[in-house]
Amino acid sequence: MSQIPDDLGQKIKEAQSKSAPPPRPKEAHMSPEMQAALKAATDFSAAIVVGAFLGYWIDRWFGTSPYGIVIFIFLGFGAGILNLYRTQVAQNDKKK
Amino acid sequence: MQNPFEQFVIHPILSLHIGSYDLSFTQSALCMALAVALTTILMTVSVRSKSLVPGRWQNVAEMLYETVFGLTNDYLHDEGKKYFPFVFTLFMVVLMGNLIGLIPYSFTYTSHIVVTGALALFVFGLATLIGLWKHKLHFFSLFLPKGMPWLIIPLIIPIELISYLSRPISLSVRLCANMMIGHTMLKLIAGFCASLFLLGFGFKLLGLVPFFINTALMGLELMIAFIQAYVFAVLTCIYLKDAVELH
Numbered sequence: 001m002s003q004i005p006d007d008l009g010q011k012i013k014e015a016q017s018k019s020a021p022p023p024r025p026k027e028a029h030m031s032p033e034m035q036a037a038l039k040a041a042t043d044f045s046a047a048i049v050v051g052a053f054l055g056y057w058i059d060r061w062f063g064t065s066p067y068g069i070v071i072f073i074f075l076g077f078g079a080g081i082l083n084l085y086r087t088q089v090a091q092n093d094k095k096k
Numbered sequence: 097m098q099n100p101f102e103q104f105v106i107h108p109i110l111s112l113h114i115g116s117y118d119l120s121f122t123q124s125a126l127c128m129a130l131a132v133a134l135t136t137i138l139m140t141v142s143v144r145s146k147s148l149v150p151g152r153w154q155n156v157a158e159m160l161y162e163t164v165f166g167l168t169n170d171y172l173h174d175e176g177k178k179y180f181p182f183v184f185t186l187f188m189v190v191l192m193g194n195l196i197g198l199i200p201y202s203f204t205y206t207s208h209i210v211v212t213g214a215l216a217l218f219v220f221g222l223a224t225l226i227g228l229w230k231h232k233l234h235f236f237s238l239f240l241p242k243g244m245p246w247l248i249i250p251l252i253i254p255i256e257l258i259s260y261l262s263r264p265i266s267l268s269v270r271l272c273a274n275m276m277i278g279h280t281m282l283k284l285i286a287g288f289c290a291s292l293f294l295l296g297f298g299f300k301l302l303g304l305v306p307f308f309i310n311t312a313l314m315g316l317e318l319m320i321a322f323i324q325a326y327v328f329a330v331l332t333c334i335y336l337k338d339a340v341e342l343h
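Protein chains in written order, with this note's numbering: chain A, 1 to 96; chain B, 97 to 343.
Worth flagging that the hints you see were computed from the coordinates, not collected in a lab.
No false leads were slipped in.
Some, not all, of what chain A presents toward chain B, calculated at C-beta under 10 Å:
#1 39
#2 45
#3 49
#4 51
#5 53
#6 54
#7 71
#8 75
#9 78
#10 79
#11 81
#12 82
#13 83
Mimicking DSS-like on lysine-lysine, the simulated pairs with C-alpha atoms at most 25 Å apart in a straight line are:
#14 B:242 x A:94
#15 B:178 x A:94
#16 B:337 x B:177
#17 B:337 x B:242
#18 B:232 x B:242
#19 B:337 x A:94
Note that the coordinates shown come from a computational prediction; the quantities given were computed from them, not determined experimentally.
Using N, Cα and C, we set each Cβ at its ideal position, and we do this for glycine too.
The task is simple: from the sequences and hints, build the whole structure.
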């Protein structure tokens, strides 16, 4: 039976500290840029759709056609920009 | 060539009509049931051995668990544990739907806006209710950012409201569109392959080109299946965070 050297435990510890796994990244394998790109397209268009929908029904209820839909499409556009802005701010905060 | 949208048609397996309602068990429902069964099996059987050094399947189960646990922890901090089961369930439903859809001759239920819309509306409704329950009427301060000059308040409230209402739409449309586009593309390119083979002789070799493109696309689709499920879980966490913390 081979002899066990005295400093075996020390050697194992050294080897382990050398090959310690790097700290796990928080985002699972996906670049934040790609996430943002996937999110931006639908976020922007969805707000305009909601704006148009609200405007259409306001016109139907109050008989204000076509002013409701015109104003609310613009508001939807604003909301779309706001969505994009929020996403971007969140991304920037994360990078810091 | 076959219609590339034909794959999204729902066929009943067991017909069931109650009154004027069609409650048939469809292939879509079958895939959902399969997703539930597979998830349950994966999360119970694979970790049964509870070994310290995980085997293949235990590793898969642990990775899925850790991914979602990391998410809820990052976004909801200490509250995360409360919402973890909900987010994890959603994540697995979407992930399994996307993955089962990639098996030939199966059906992708996440490519239907009805399914994704129902999931997104549920998340949206739940987040809103949690916000109202936690903060009562103070919840509506979500639509009025701090430090606004009073002049633009009448403009900012409808904009914030639209932005809030657009969440379930953007969430459901993104998932549904991604899955639908992917499957339509696979079908179209597979169609090219078949047509070229049928043309005969010189074209047969050319038919291999779309074949290899489709092989690569399949890998891409596999990645998209994971990314979309992940994005769905991330956004659920963000919406819950807004409701819980009222930034």
